[in-house]
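Undergrad: Here is what each chain is made of, one letter per residue.
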Amino acid sequence: MTDLTPGTAAEATPERGLSTLQLQFRRFRANRLAMASVFVLLAIVLFCFFGPLAFPFTGEDADFDYISAPIDFTSPHLFGTDDYGRDLLVRVMEGGQVSLTIGFLGAFVAGVIGVLYGAVAGYAGGLTDRVMMRIVEILYGFPYVILVILLGLLFGGGAVALFAAIVFTLWLTPAVIVRAQAQSLARREFVEAARAGGMTRGQILIGHIVPNCMSVVIVYGSLLVPEVILSESFLSFLGIGIREPQASWGNLIQTGTAAMDTDLRLLLLPAGLLAAVLFCLNFIADGLRDAFDPNER
Amino acid sequence: MPSTPTNADPLLRVRDLTVDFRLPGGMMRAVDRVSFDVSPGEIVGIVGESGSGKSQILFSLMGLLARNGVVSGSAVFQGQDLLALAPAALDRVRGVTLSMIFQDPMTSLNPYLRVGDQLAEGLRVHRGMARREAQAAAVAMLDRVRIPDAARRARQYPHEFSGGMRQRVMIAMALLVRPALLLADEPTTALDVTIQAQVLDLISDLAREAGTAVILVTHDLGVVARLCDRVIVLYGGRIMEAGPAEPVFDTPAHPYARGLLAATPRLTDALTPRLGTIPGTPRSGGAMLPGCPFAPRCTVRIAACERVQPAFTPVGPDHAAACHLTGAAP
Amino acid sequence: MTPPLIEVQSLCVGYRVPGTGLLGRPRILPIVHDVSFRLEPGRTLGIVGESGCGKSTLGRALLRLNEPTAGQVLWMGEDMAAMPAETLRRRRAEFQIIFQDPVAALDPRMTLGRIVSRPLATFEPGLKRAELRRRAVEALALVGLSADFADRYPHELSGGQAQRVGIARAIIGRPKLIVCDEPVSALDVSIQAQVVNLLMDLQERLGLALIFISHNLSIVRHISHDVMVMCLGRVMETAPRDAFYAAPRHPYSQALMQAVPEPDPRREKGRLGQALQGELPSVANPPAGCVFASRCPRAEAVCHSARPPLRGDGTRSVACHFA
Chain A
1 MTDLTPGTAA EATPERGLST LQLQFRRFRA NRLAMASVFV LLAIVLFCFF GPLAFPFTGE
61 DADFDYISAP IDFTSPHLFG TDDYGRDLLV RVMEGGQVSL TIGFLGAFVA GVIGVLYGAV
121 AGYAGGLTDR VMMRIVEILY GFPYVILVIL LGLLFGGGAV ALFAAIVFTL WLTPAVIVRA
181 QAQSLARREF VEAARAGGMT RGQILIGHIV PNCMSVVIVY GSLLVPEVIL SESFLSFLGI
241 GIREPQASWG NLIQTGTAAM DTDLRLLLLP AGLLAAVLFC LNFIADGLRD AFDPNER
Chain B
1 MPSTPTNADP LLRVRDLTVD FRLPGGMMRA VDRVSFDVSP GEIVGIVGES GSGKSQILFS
61 LMGLLARNGV VSGSAVFQGQ DLLALAPAAL DRVRGVTLSM IFQDPMTSLN PYLRVGDQLA
121 EGLRVHRGMA RREAQAAAVA MLDRVRIPDA ARRARQYPHE FSGGMRQRVM IAMALLVRPA
181 LLLADEPTTA LDVTIQAQVL DLISDLAREA GTAVILVTHD LGVVARLCDR VIVLYGGRIM
241 EAGPAEPVFD TPAHPYARGL LAATPRLTDA LTPRLGTIPG TPRSGGAMLP GCPFAPRCTV
301 RIAACERVQP AFTPVGPDHA AACHLTGAAP
Chain C
1 MTPPLIEVQS LCVGYRVPGT GLLGRPRILP IVHDVSFRLE PGRTLGIVGE SGCGKSTLGR
61 ALLRLNEPTA GQVLWMGEDM AAMPAETLRR RRAEFQIIFQ DPVAALDPRM TLGRIVSRPL
121 ATFEPGLKRA ELRRRAVEAL ALVGLSADFA DRYPHELSGG QAQRVGIARA IIGRPKLIVC
181 DEPVSALDVS IQAQVVNLLM DLQERLGLAL IFISHNLSIV RHISHDVMVM CLGRVMETAP
241 RDAFYAAPRH PYSQALMQAV PEPDPRREKG RLGQALQGEL PSVANPPAGC VFASRCPRAE
301 AVCHSARPPL RGDGTRSVAC HFA
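Chains as they are written, first to last, in my numbering: chain A, 1 to 297; chain B, 1 to 330; chain C, 1 to 323.
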C-alpha cells in the first residue's frame, strides 16, 4: 500500500506565493502611467476639497472690488473673478467638490445596483434572467435627457434629482456586463462544488459569484466615474441639474463657453481640470484592466 | 550527441536541438540538446508528460515556435537545415514535403471555407494542379480516409463534421501532397477511444502506403506501442531513453521509462493492489538542473545524478538510455 | 445482505434545450435512459463510456445536481425526490463529488484552507474558525499535502495537487459516497497513478463508496469492483470487474477493449487495422432499436428495429439480442 502521506515527501510546498489580489495589485503598481494618474487624481481631489480652506472667501462671495478681474497672482484673487466678482479659483474648487462627489458616489451606487442585478440575473438564468434583461432593454430605450428632465421635475431639481437621474440610467451597463460574467461563472466547476457542498443559492451568489466578478466590476466602475462626471457636466451645461449660484464644473463650463470670445480663462480652468480628471481615470481604468487580465494567473 | 547510432541515410537528422523561451522572469529552457534521426518511412514516437518539451520539438521543426522562442541546433531534412531556412524557403518545404497535424483539428481548418476547397488548395498551390483535377483528387482523398459520401461532404463546412471526421480531414490535407515526413502533435488525444483506433489505423495505413515517415508526439504509451517503430522517451526537455519499440517496452533501461510503464494501467496482465507511481510532479519551467532532469523524482538516484548530466549508454542494438546506472545490474 | 447505499431505479435525465423562435417552448433533450443499479457501502462502481453516453450527467443526477426527468434515486432507502430541500441540502455531507478539471473546481479567490473547510462550515455550523482550520489541515494531510498548503491559492498548484485539494474538500465531511467525474483524465500518467492510489487508500481507510466515471477502461479496471458500460445514455452491460475484463459480453464492450491501446508493442501491432468503423451516434437523434446497431459487427435486422432489454442473471446483465 502506498504511504498515505506520500505528498509530504514528494509534494514540495510551492514557494510562498501571493494571493490573486496581491499579484494584481503588484501589476498595477508596475504601471507607471496608471500610478502617476492616481497621484494626479489624488492631488486634484485634495486641491478641490481642501483648497478653499486657504482662502478667506467662498465661491459665492461677491467681491465688488474685483469684478471680472483678470489673472493676477499678486491680487487676492489669483485667477481672477467672474462677472459677479466671485473668485474663480475657489469656484472651480467648489465645483470640483460637487462634480467629483456626484461622480464617485454616483458610480458607486450605480455599480452596486448593477452588480447585484446582473449577478442575480446571470446566476439565476432561465425565466428570471430573461425577464430581468427585458426590463434592462426597455430602460435602455428611454431617451436619456427627457428622463433626466422628468426626474428633475419630480424631485424639484437640484443635486438630488441629478444624482437619481444619472444613477437610474447608468446602472444598466454594469448590470449587463456582470450578468455575462455571472453566467459564465455559474457554469464553472467550483460553483457546482459549492452546491454539492450544501450552500444555498444565495450563499453561492454572495460568496462565490460576486467576488469573482469584482475585477470586471472594478475596471468597469473606474470607467463609470468619468461617465457620471461627464453626464453631470453635460446636464448642468444644459441648464438641468446643478443650478447657480452653486458651482459645478458643468455649469462653470457653460458660463465659460458663453464668455469664450471675451474671456477664455473662465472656460479653461474648469475644462482643464475636468479633462485632467478624465484622463487620469481612463489611465487608471486601463491599468486596472491590465492588472486584472484574466489570461494571466 | 546522437541518441541513436546514425542511420545510413536518415530523412531527418536532428542534432542538439535546443529551445528556450524568453519569459519575464528569465530564459526558460523547454528542449535541451535533443538529437535523433528519422529514417525514410519510419514511424517514430516521442512520448513524454506535460513540460517535457515534446510539442516544442515539432513546432521548431515546422517553424511554428512562439515569438519569444529561441531555437538552436540543426535539423537537416532532405539536405536543408530546417532551423536555418529563411521563411520563403521554409514555405516551399512546409505543406509540400513536410506536413503537420494537430491535436485540435479546428485550428487547421478554416471554418469559412468548404472542406473540399481547403483540401484542393494545397494541391493547386503547391503542385499547380488545375481546379477540376484538384477537386477530384480532394474527393478521392476524402474517400480514402473513409469519409462516407465523400463528394457531398467535400462541399460541407468544417462545423458540419464530428471531431473524429475533422481529424480525418486534417490527415487527408496533410497526406494529400504525399509528404516525405509527417509531424503529428497528439492527434488522437481529444478523441474517443473507438475513434482514436480508427484514426491510428488511418495514419498507419496511409503513411505506409505513401512511404511517409511520421514523428508522433503523445503522452499515451499505448498509442506509441500500436503505431510506432521507434520510441523516444522525453523528460524535462531531454531524451531519457530511445530505441525500437519492443526492446524499450520489454526492458526499459531508464528509471523514468520504467516508472512510466509501471504507472500505466493495463487491461490485461495481473492486477497489482496499487498502480506503480513516480513520486513528485513533472518538471514545469525554470532553469535546467545541472544533472539529470529526472533526478529529483528518481527513486534510485545516486549522488552523481544531481551533479553530472548522464551520457547515453547503449543498452542494446540501437537502444540507449541517459542514465548513470545503465549497465549496472538492474 | 447489507442494504445498498444508493439504489437507482429506471432513472432518466434530460437537459432543457431552449426553444426556437420567439415563443418557442424549451424541450427536454433526453441524455440518460432507464438506468438502474445498486451500490453497497465501501464498493466502487466504474461507469465507462465514450462521449455522449451520459455518464457525467448520470453522476450529477445521483447527487441531485441535476433533476432527473423520471425514475428514482434512493439514498440509504430514502427517495431523494421526496426529501425536503433543506434536508437534502444538509444531507449532502454524505455524498460528494470531484471533478475533471481540478483547478477550475477551486474558487480562485479563496485560500485552499478555506476551500476545503467551506463545506464543513455548511454541514456543521457553529464550528469555530480555529476548528475549521484544524479539520482542513487534517483533510489535507489525509491526501498527502502538508499544512502549509492551507494558505496557498489555486493558481499556485499543479493539476495533481489541485485534485488532491478537491479530494480533501470532498472527504472533510466524512461522506459515504464520492462521485468521481473523470478525475484523472486531465492529469499526466504518473500523476494519474498517484491520485488513483490515493482514492483507493481513502476508500479503505474511510470506508468510502466510489462511483468512478471515466472513458479510460484500464484505470477503471484498477479501481472498480463492478463495471457498467454505457452508450448513448443506456446501459449496455454490467458485471463484476474480473468477470467483465476476462470476458466482456456486449459487442460494444468488446469493441472498447479492442480499441484501447496497451503498452505492449507486440500485441498492439496485431491490432492495427481492426478498428470499429462508423461514427458515434448523435445524442439529439438517437437511432431506433439498439443504439449500437449502426456500428456493431454482429448487427442484424432485429437490432435496428427493436431495442434489446437489459437482461441479467443477478451479477451480470447485457443489453443485446445475441449476447
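I should point out that these hints are in silico values taken from the structure, not numbers from a laboratory.
One should not assume that every hint holds.
Unchecked claim - To give an idea of the chain C side of the interface with chain B (calculated C-beta under 10 Å), a few residues:
hint, residue
1, Met80
2, Met83
3, Ala85
4, Ile223
5, Thr315
What the hints assert, rightly or not - Not everything, but these chain C residues come out facing chain B in the computed CB check (under 8 Å):
hint, residue
6, Asp34
7, Ser36
8, Glu40
9, Glu50
10, Glu262
Said to hold, decoys possible - DMTMM-like cross-link-like pairs, simulated, lysine to aspartate or glutamate; straight-line CA separation at most 20 Å:
hint, chain 1, residue 1, chain 2, residue 2
11, C, Lys176, C, Asp242
12, C, Lys269, B, Asp91
13, C, Lys269, B, Glu306
14, C, Lys176, C, Glu138
15, C, Lys176, C, Asp151
16, C, Lys176, C, Glu204
17, C, Lys176, C, Glu78
18, C, Lys128, C, Glu138
19, C, Lys269, B, Asp9
20, C, Lys128, C, Asp151
21, C, Lys269, B, Glu133
22, C, Lys269, B, Glu246
23, C, Lys269, B, Asp220
24, C, Lys269, B, Asp250
25, C, Lys176, C, Glu279
26, C, Lys269, B, Asp81
These numbers come from a predicted model, not from an experiment.
We put the beta carbon where it would ideally sit given N, CA and C, even for glycine.
Undergrad: CA of C:Lys269 to CA of B:Asp9, is that 20 Å or under?
TA: Between C:Lys269 and B:Asp9 the Cα gap is close to 26 Å, so the pair fails against 20 Å, i.e. violated.
Undergrad: C:Lys269 and B:Asp81 were given as a pair; does the straight-line alpha-carbon distance stay at or below 20 Å?
TA: violated (33 Å)
Undergrad: Is it true that the CA of C:Lys176 sits at most 20 Å from the CA of C:Asp242?
TA: With a Cα-Cα distance of about 24 Å, the restraint between C:Lys176 and C:Asp242 is violated, given a limit of 20 Å.
Undergrad: C:Lys176 and C:Asp151 were given as a pair; does the straight-line alpha-carbon distance stay at or below 20 Å?
TA: Violated, at roughly 28 Å.
Undergrad: Would you settle whether the hint for C:Thr315 is holds or violated, based on the nearest Cβ-Cβ distance to chain B being less than 10 Å?
TA: violated (19 Å)
Undergrad: Given the hinted pair C:Lys176 and C:Glu138, is their Cα-Cα distance within 20 Å?
TA: This hinted pair holds, its Cα atoms lying about 18 Å apart.
Undergrad: Between C:Lys269 and B:Glu133, is the straight-line Cα distance small enough, at 20 Å or below?
TA: violated (36 Å)
Undergrad: Restraint: C:Met83 near chain B, CB-CB cut 10 Å. Satisfied or not?
TA: violated (36 Å)
Undergrad: Is the interface hint satisfied for C:Met80? The criterion is a beta-carbon contact with chain B at less than 10 Å.
TA: Interface hint status for C:Met80: violated (31 Å vs cutoff 10 Å).
Undergrad: Under the criterion that the straight-line Cα-Cα distance not exceed 20 Å, is the pair C:Lys128, C:Glu138 satisfied?
TA: holds (15 Å)
Undergrad: Is the Cα-Cα distance between C:Lys269 and B:Asp91 20 Å or less?
TA: Distance of about 35 Å is beyond 20 Å: violated.
Undergrad: Hinted pair, alpha-carbon criterion (20 Å max): C:Lys176, C:Glu279. Please report holds or violated.
TA: Violated, because 39 Å separates the two Cα atoms, which is more than 20 Å.
Violation of the numbered hints given earlier is confined to hints 1, 2, 3, 5, 6, 7, 8, 11, 12, 13, 15, 19, 21, 25, 26; the remaining hints are satisfied by the structure.
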